[in-house]
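Build out the structure end to end from the sequences listed, making use of the hints.
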Amino acid sequence: MAALVTPDAEAAGATPPLDALRAASPRDPPGAAAAATLSTPQFLERFGKWAIADKPMLCQSMTDAEVWANLGGAERVATLKAMLDRLRDDGLELYVLSLGFATAIRHHLGVVGLNGYFGEGRVIGQDTPAFQRCKYVKAALIEELMQHNEWHPNVVLFVDDSAKNIGEADRRGTCDTFRVAKEGLDAADCGRILERAKRR
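Residue numbering for the sequence shown follows full-length UniProt numbering, starting at 1 and increasing by one per position.
It is possible that part of the hints are untrue.
To be verified - When the alpha-carbon atoms are kept at most 16 Å apart in a straight line, the in silico EDC-like pairs for lysine to aspartate or glutamate are as follows:
(1) Lys135 - Glu45
(2) Lys198 - Asp176
(3) Lys81 - Asp189
(4) Lys135 - Glu168
(5) Lys198 - Glu66
(6) Lys164 - Asp176
(7) Lys135 - Glu120
(8) Lys198 - Asp90
(9) Lys49 - Glu66
(10) Lys198 - Glu93
(11) Lys81 - Asp186
Claimed, not checked - Label pairs and their in silico Cβ distance ranges:
(12) Glu195 - Ala163: 16 to 26 Å
(13) Arg192 - Arg122: 15 to 25 Å
(14) Ala181 - Ala78: 11 to 21 Å
(15) Gly73 - Gln147: 34 to 44 Å
(16) His148 - Phe47: 21 to 31 Å
These aren't lab readings, by the way, just hints derived from the structure by calculation.
Even for Gly, the Cβ is constructed at its ideal location relative to N, Cα and C.
And the structure:
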């Protein structure tokens, strides 16, 4: 059985280096130096705060239009859906791994029609016991999933925008990896992921 692990990179709001914090304007999101794989933080004027996945109440208060913007708009969501359709049709199992809250992520995926790609237990956030047990190390969680499902490393592809997360998986020899550019998944990335997934 093949598996593709597709994390929602740090719309979760990972802490940036101190220099990045100093350089960021007050309207820059936490973790402004890092982008997101599926989504990007949105500044909500009415709250004067960034809506990121580690603020579930704030995320769930977003309008549908704000959620669509968070995921890059209708054209980008259509690109993501086309990729996810192909991966699912090829029999791959899709996961989201995030330092944000699974509840907030599920809400956003639901608004734009992406929830159905990620079955029960396949959106994993900081509120998920398995991730807590792994001390929020994505590579460790992937290894746990692989062991539980008896997946060989060569059938798993870990997609993330974080050099740290990808580097840790590479260092440990967890599985094959794909690092997304800072802008988040675009059509070119989706094409490359589909090519890599053919080898699963």
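Checked hints:
Distance restraint check for Lys135 and Glu45: the Cα-Cα separation of roughly 34 Å exceeds the 16 Å cut-off, and the hinted pair is therefore not satisfied. Among the hinted pairs, Lys198 with Asp176 is consistent with the structure: their alpha-carbon atoms are about 13 Å apart, no more than 16 Å. A hinted pair counts as satisfied when its Cα atoms are at most 16 Å apart, and Lys81 with Asp189 qualifies at roughly 13 Å. Restraint check for Lys135 and Glu168: satisfied, since their Cα atoms lie roughly 13 Å apart, inside the 16 Å limit.
The hinted pair formed by Lys198 and Glu66 fails the criterion: a straight-line CA distance of about 34 Å is larger than 16 Å. Taking the CA atoms of Lys164 and Asp176, the gap is near 15 Å; set against the 16 Å cutoff, the hint holds. Our distance criterion of 16 Å between C-alpha atoms is broken by Lys135 and Glu120, whose separation comes to about 22 Å. The hinted pair formed by Lys198 and Asp90 meets the criterion: a straight-line CA distance of about 8 Å does not exceed 16 Å.
Distance hint between Lys49 and Glu66 is fulfilled; the C-alpha atoms sit about 13 Å from each other, no more than 16 Å. Distance restraint check for Lys198 and Glu93: the Cα-Cα separation of roughly 13 Å lies within the 16 Å cut-off, and the hinted pair is therefore satisfied. Distance restraint check for Lys81 and Asp186: the Cα-Cα separation of roughly 12 Å lies within the 16 Å cut-off, and the hinted pair is therefore satisfied. The hint said 16 to 26 Å for the Cβ distance between Glu195 and Ala163, and at roughly 22 Å that hint holds.
Look at Arg192 against Arg122: about 22 Å separates their beta carbons, and that is inside 15 to 25 Å. A beta carbon spacing of about 19 Å between Ala181 and Ala78 agrees with the range 11 to 21 Å that was offered as a hint. For Gly73 and Gln147, the hinted distance range of 34 to 44 Å is satisfied, since their beta carbons lie about 38 Å from each other. Under the hint 21 to 31 Å, the C-beta atoms of His148 and Phe47, about 39 Å apart, miss the expected range.
The earlier numbered hints that this structure contradicts are 1, 5, 7, 16.
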